[in-house]
Amino acid sequence: MKFFRYILLLIVLLLAACSGGNDEEGAEEGTSNDSSDGASDEVLTIGNSNDIVSFDIHDHNNTSTEAVHVNMFNYLVKNDPDEGFIPDLAESWENVDETKWEFKLKEGVKFHNGDELTAEDVKFTLERVANDSALLEYGAYRQIEEVEVVSDYEFVIHTYEPEPALLNRVSRIGSGILPKNYIETEGWDVFLENPVGTGPYQFEEWQKDSQLTLTRFDDYFGDEPKWSQVEFRAIPENSTRVSELLTGGIDLAVNIPPDDIERIESSEDTTVMSAPSQRVMLFVLRTQGDYPTADPKVREAIELAIDKEAIIESVLEGHAVPTRTRVTPGNFGANEELYDTQLYDPERARELLEEAGYADGVNIKLSSPSGRYLKDRESVELMVAMLQEVGINADVEFLEWSAFSTPYSNKEFEDVFFIAYGNSMFDGSQALQRLELEMAAGETDYDNPEVEELLSEAMNNMDEDSRLEQYQKAQEIISEDRPIIPLFQVESIYGVNDRINFEPELSEMLYVDDITIK
Amino acid sequence: MKYFFLNVIKTVPVLILITLIVFILVRVTGDPVALMISENATEQEKAELREALGLNDNLIVQYINYMGSIIQGDFGESFRYNTDALTLVLDRLPASIELAIVSMILATIVSVPLGILSAIKRNSLLDLFITGISVVGKAMPNFWLGIMLILVFSVMLSLLPVSGSGTLAHTILPAVALGTGIAAEMTRLIRSSMLEILGQDFIRTARSKGLFEAVVVNVHAFRNALIPVVTIMALQTSTLIGGTLITETVFAWPGVGQLLIQAVNLRDMAVVQAAVFIIAIAVIVSNLLADLIYRLLDPRIKYD
Amino acid sequence: MEKLLQVENLKVRFKTNEGYVSTVNGVSLEMKKGEILAIVGESGSGKSVTSLSILDILPPNGEVYDGEVYLEDKNLNKISKNEYRKLRGKEMSMIFQEPMTALNPVFTIGFQLRESLQLNLKMKKSEATKKGIEMLELVGIPDAEKVMTRFPHQLSGGMRQRVMIAIALSCDPKLLIADEPTTALDVTIQKQILKLMKNIREKLNTGILIITHDLGVVAEIADRVAVMYAGEIVEEASVFELFKNPKHPYTRGLMASIPKIHDVVDKLHSIEGMVPNPAEMPSGCKFHPRCPLADNECVSNHPKLEKISDTHAKRCFKV
Numbered sequence: 001m002k003f004f005r006y007i008l009l010l011i012v013l014l015l016a017a018c019s020g021g022n023d024e025e026g027a028e029e030g031t032s033n034d035s036s037d038g039a040s041d042e043v044l045t046i047g048n049s050n051d052i053v054s055f056d057i058h059d060h061n062n063t064s065t066e067a068v069h070v071n072m073f074n075y076l077v078k079n080d081p082d083e084g085f086i087p088d089l090a091e092s093w094e095n096v097d098e099t100k101w102e103f104k105l106k107e108g109v110k111f112h113n114g115d116e117l118t119a120e121d122v123k124f125t126l127e128r129v130a131n132d133s134a135l136l137e138y139g140a141y142r143q144i145e146e147v148e149v150v151s152d153y154e155f156v157i158h159t160y161e162p163e164p165a166l167l168n169r170v171s172r173i174g175s176g177i178l179p180k181n182y183i184e185t186e187g188w189d190v191f192l193e194n195p196v197g198t199g200p201y202q203f204e205e206w207q208k209d210s211q212l213t214l215t216r217f218d219d220y221f222g223d224e225p226k227w228s229q230v231e232f233r234a235i236p237e238n239s240t241r242v243s244e245l246l247t248g249g250i251d252l253a254v255n256i257p258p259d260d261i262e263r264i265e266s267s268e269d270t271t272v273m274s275a276p277s278q279r280v281m282l283f284v285l286r287t288q289g290d291y292p293t294a295d296p297k298v299r300e301a302i303e304l305a306i307d308k309e310a311i312i313e314s315v316l317e318g319h320a321v322p323t324r325t326r327v328t329p330g331n332f333g334a335n336e337e338l339y340d341t342q343l344y345d346p347e348r349a350r351e352l353l354e355e356a357g358y359a360d361g362v363n364i365k366l367s368s369p370s371g372r373y374l375k376d377r378e379s380v381e382l383m384v385a386m387l388q389e390v391g392i393n394a395d396v397e398f399l400e401w402s403a404f405s406t407p408y409s410n411k412e413f414e415d416v417f418f419i420a421y422g423n424s425m426f427d428g429s430q431a432l433q434r435l436e437l438e439m440a441a442g443e444t445d446y447d448n449p450e451v452e453e454l455l456s457e458a459m460n461n462m463d464e465d466s467r468l469e470q471y472q473k474a475q476e477i478i479s480e481d482r483p484i485i486p487l488f489q490v491e492s493i494y495g496v497n498d499r500i501n502f503e504p505e506l507s508e509m510l511y512v513d514d515i516t517i518k
Numbered sequence: 001m002k003y004f005f006l007n008v009i010k011t012v013p014v015l016i017l018i019t020l021i022v023f024i025l026v027r028v029t030g031d032p033v034a035l036m037i038s039e040n041a042t043e044q045e046k047a048e049l050r051e052a053l054g055l056n057d058n059l060i061v062q063y064i065n066y067m068g069s070i071i072q073g074d075f076g077e078s079f080r081y082n083t084d085a086l087t088l089v090l091d092r093l094p095a096s097i098e099l100a101i102v103s104m105i106l107a108t109i110v111s112v113p114l115g116i117l118s119a120i121k122r123n124s125l126l127d128l129f130i131t132g133i134s135v136v137g138k139a140m141p142n143f144w145l146g147i148m149l150i151l152v153f154s155v156m157l158s159l160l161p162v163s164g165s166g167t168l169a170h171t172i173l174p175a176v177a178l179g180t181g182i183a184a185e186m187t188r189l190i191r192s193s194m195l196e197i198l199g200q201d202f203i204r205t206a207r208s209k210g211l212f213e214a215v216v217v218n219v220h221a222f223r224n225a226l227i228p229v230v231t232i233m234a235l236q237t238s239t240l241i242g243g244t245l246i247t248e249t250v251f252a253w254p255g256v257g258q259l260l261i262q263a264v265n266l267r268d269m270a271v272v273q274a275a276v277f278i279i280a281i282a283v284i285v286s287n288l289l290a291d292l293i294y295r296l297l298d299p300r301i302k303y304d
Numbered sequence: 001m002e003k004l005l006q007v008e009n010l011k012v013r014f015k016t017n018e019g020y021v022s023t024v025n026g027v028s029l030e031m032k033k034g035e036i037l038a039i040v041g042e043s044g045s046g047k048s049v050t051s052l053s054i055l056d057i058l059p060p061n062g063e064v065y066d067g068e069v070y071l072e073d074k075n076l077n078k079i080s081k082n083e084y085r086k087l088r089g090k091e092m093s094m095i096f097q098e099p100m101t102a103l104n105p106v107f108t109i110g111f112q113l114r115e116s117l118q119l120n121l122k123m124k125k126s127e128a129t130k131k132g133i134e135m136l137e138l139v140g141i142p143d144a145e146k147v148m149t150r151f152p153h154q155l156s157g158g159m160r161q162r163v164m165i166a167i168a169l170s171c172d173p174k175l176l177i178a179d180e181p182t183t184a185l186d187v188t189i190q191k192q193i194l195k196l197m198k199n200i201r202e203k204l205n206t207g208i209l210i211i212t213h214d215l216g217v218v219a220e221i222a223d224r225v226a227v228m229y230a231g232e233i234v235e236e237a238s239v240f241e242l243f244k245n246p247k248h249p250y251t252r253g254l255m256a257s258i259p260k261i262h263d264v265v266d267k268l269h270s271i272e273g274m275v276p277n278p279a280e281m282p283s284g285c286k287f288h289p290r291c292p293l294a295d296n297e298c299v300s301n302h303p304k305l306e307k308i309s310d311t312h313a314k315r316c317f318k319v
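Chains as they are written, first to last, in the numbering used here: chain A, 1 to 518; chain B, 1 to 304; chain C, 1 to 319.
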């Protein structure tokens, strides 16, 4: 009997320790005092589907992590969808010659720890990622040869080769400027636990896989930050995230599945906001070798068999745009003629197959990830049915992402595979890179000398106008050759509490200061 | 005491075997670089990354390095988080343990009276009812139950928070979701254990002494019925710690389960290895604990 | 008050899947204070059930459906469950056949002794411990103080039986029911236990109702004997009379079955046939299928228990 008394005591102690140990404030319903002068005491809570990966801005390639980081760090320039490149930390810049870009920094910009921003910080930041091949963002910065410090606020970026998209490179993931002194004195480990940037919000606390809290940085060089505190909560389960939105536990929920849109719309306090994203779903096809898809007629037939609009309506509740190109509006080089349009002609598809010698049907192998992208499986299943209608028998295999990524990486897929690509550079080069001869080898085996020439010239073409033409022409040809068949551009769907104003960004970044109280 | 240490020593070969199996599985089931790097990366970039992460070394060399560092408590760095893998796991462990313990407590509070009741009122309507809901409780998928609980208690009734951790209120729904299956099993276990005990001679002796029926059942019978039940429950707790995955995901509960599944999906080897190792230790500790409890509860074992 | 126990026409049945089955069919007994009455019979005769009924600890599917039980002058049929409980352990107690399983394995001897004393005599723990030690010494257990802290599995069968007796007697009950107390023990231990019980009767004037199938035990300890068959008493007598002059054919059969030490026989004598299944009782005299004296009267009529002297009664048409 004494035994049980001890157990009881132990249990009581445990419970006390548990509830006492975490005193997370969780001011879930924004505690507002005066909403008149820009919501100075308000707390904003955002529900993400993943936690951020880390504070090493150079060693991740996650849009959702960057969406949080942009509130803590600043780039040199920002890529604004309407105005193009606008100053962020850089006051002005000039492309002096093919491989030299001069920059002038704003003065008096403070880091969260009080240090002042100088050109040394820029050099430290950019040269790190440009030289360390173990960093995941290395591939996007290695083009930078050197950052030459001219004075405290002036520096020059030297590139190995002409980089028409240099500004794109320094206005995306990995472009946040880091505090050199802080990192060199305290070390990376300390920085990763207590990051310091120049952004409007500074690091407060990070409970991994639970919540990241940022607080207002009063010495921010730009406009006064609107919120006193921002909480980013990681809620991986979709229905839970939606429930949190509906109960007022969070103000904004990302990645809303189409099925939950009605639930959110019909609730009094919440709405759904959506906008195009950078993600394009497409088929990748083999154009050479012993595959039926090596015949361009077969590839054309595949495109014509698919009614993209129907899929968008039924599977995605209308939240996508059909496209015949990977370079969608908002990205440099976009060919608008190939956007928001589709070629759907099953009759013609059958004719083409007959011409190709497949009057009795043709068998192809189709590989697709499952559960990686929104409604990937459902979309592909519908497409397989449509292909069947015209006589294309697709033997489809669905693979979980970790099983998909290995054959993908090893270029082992057969006739067709389904995938979705983003574009963090907002530049046509990134979208079309994979179709360059070298990159395409083993995957699509795409080999069109005209396209090859256009792309390689555009890669180093510093003249914007002719570069634009080159990309547009390349897309035209590609849309006829069909080594890839772009399908549709998905929208990003958010759930929003009616007490705030929120406009989704093409980049899927979550700029907290663009969110305001109504 | 000596027995205790001997048991601990016996577990070392088990741990070594586990680390070996995990090591092999993680490496032969796919390429971590393919998972880490962006879809747009070039071959060259992949090769460089592979080299930088030491993935090109001979497997045996890798294993030796790996074992060498484990002994020093170094499981390597997480690819994803760039921090020490073991620290990551240990940071998450208290949350999983908390959830496991609260679930067990809730399950116990519910199942003990229900189990005893259904035993003493065997084959009555009440017994049938309790057995029925036990079966339902066990059959309900954790995932579904969690979502339903949120819908009812958080969204519709606004009684409890939806997800996350921090206060006792946050613990309730996930603990109920997790504890239901356990309670169902425990109820049935207690019931059958009690039935067996109640048929035994010493119960008759207790009654013949003029003891209150409540004392006969709750002291004399229950104390005996407890022995197999507690042993099984201590073992169950260990499976809970690694197995809370689904509940953790539904409730955004920052525990080891979530960490592990993400690490597996990304082939974040160091974290997988560290997490499995820790979970293995948790299982071993629970087994030892179960053994200890069994000995404490049953005097017949002590002196053998 | 001379009379200790009176049982009148007790009938007990059990609920089974096939309906009710009656195992005690009208049993009547009387005991004086300090008397040792033995009930003898084979398994299935209903003797254990009778004793469990007296204490009201029948299993859940058993019930008394007729007859009355009086303890001294108290009618036990008319008291509440709780009052009945208060009598158990205090006014009347019981010891059982299997000492190996009769004690709770997870509690100490001391705990199990104290329980009864604390509940029934409202003793404090220290008092109860002291009294417990006394009782253990009374029943002849050496090193009593140490034994108090031991667990049942650490004692032998004989010791455990003694402990049971100690527990049963600790509150000084007027009636002790002993259900086959020595059946599971060695012959030598058996003798010790029986001697102990006789001593206790001497010292404490406790009435003992002893249930047994062993006529040797009866001879050793009983004052009076009742022979049970198929849920009825078929013969009742002082022990001397029963052994000298058994009347009922069943009793005689039992006697004949005991091998005498000087007999040399090829085959042990046994009574033909088997104890009837309570669900399928014979008509008339329940013993008639196995009885050498049976005739038509026995088949159709049920004999009553008749006194043939002050100290002897029988239930038979033929003797």
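Keep in mind that the hints were calculated from the coordinates and are not lab data.
For every residue, glycine included, the Cβ atom is placed at its ideal position computed from N, Cα and C.
Just so you know, not all the hints are guaranteed correct.
[Claimed, not checked] For lysine to any residue, the following SDA-like pairs were computed, each having C-alpha atoms within a straight-line distance of at most 25 Å:
1. C:Lys125 x B:Ser124
2. C:Lys86 x B:Ile101
3. A:Lys208 x B:Glu185
4. B:Lys46 x A:Tyr220
5. B:Lys46 x A:Met459
6. A:Lys411 x B:Leu53
[Stated by the list, open to error] Reference excerpt, derived from the structure (chain B facing chain C, CB under 7 Å, subset only):
7. Arg27
8. Thr29
9. Ser69
10. Lys138
11. Gly166
12. Asp201
13. Arg207
14. Asn218
15. His220
16. Phe222
17. Arg295
18. Pro299
The hints, checked one at a time:
1. Our distance criterion of 25 Å between C-alpha atoms is broken by Lys125 of chain C and Ser124 of chain B, whose separation comes to about 39 Å.
2. Taking the CA atoms of Lys86 of chain C and Ile101 of chain B, the gap is about 42 Å. The hint is violated against a cut of 25 Å.
3. For the proposed pair Lys208 of chain A and Glu185 of chain B, the alpha carbon gap of about 33 Å is over 25 Å, so the pair is violated.
4. Note on Lys46 of chain B and Tyr220 of chain A: the hinted pairing is violated, with a Cα-Cα distance of about 38 Å set against a maximum of 25 Å.
5. Pair hint Lys46 of chain B plus Met459 of chain A holds up; C-alpha atoms about 21 Å apart against a cutoff of 25 Å.
6. A distance of roughly 22 Å separates the Cα atoms of Lys411 of chain A and Leu53 of chain B; the hinted pair therefore holds under the 25 Å criterion.
7. For Arg27 of chain B, the interface hint is violated, since its Cβ never comes within 7 Å of a Cβ in chain C; the closest pair sits about 51 Å apart.
8. The beta carbon of Thr29 of chain B comes no nearer than 49 Å to any beta carbon in chain C, farther than 7 Å, and the hint placing it at the interface is violated.
9. Interface restraint check: Ser69 of chain B against chain C, minimum CB-CB distance 48 Å, threshold 7 Å, status violated.
10. Hint on Lys138 of chain B is violated. Least Cβ distance to chain C is approximately 28 Å, over the 7 Å limit.
11. Given the 7 Å rule on beta carbons, the hint for Gly166 of chain B is violated: about 41 Å separates it from the nearest Cβ of chain C.
12. For the restraint placing Asp201 of chain B at the interface with chain C, the shortest Cβ-Cβ distance is roughly 4 Å, inside the 7 Å limit, so the hint holds.
13. The restraint placing Arg207 of chain B at the interface with chain C holds, with a minimum CB-CB distance near 5 Å, inside the 7 Å limit.
14. Residue-level restraint check for Asn218 of chain B is violated (minimum Cβ-Cβ distance to chain C is 13 Å; threshold 7 Å).
15. A hinted interface residue such as His220 of chain B counts as satisfied when its beta carbon comes closer than 7 Å to some beta carbon of chain C; here the least separation is about 6 Å, so the hint holds.
16. Evaluation of the Phe222 of chain B hint against chain C yields a violated restraint, the C-beta minimum of about 10 Å exceeding 7 Å.
17. Interface hint at Arg295 of chain B: violated, since its Cβ lies 12 Å from the closest Cβ of chain C, which is beyond the 7 Å cut-off.
18. Because the closest C-beta pair between Pro299 of chain B and chain C is about 4 Å apart, less than 7 Å, the hint holds.
This entry does not satisfy hints 1, 2, 3, 4, 7, 8, 9, 10, 11, 14, 16, 17, going by the numbered hints stated previously.
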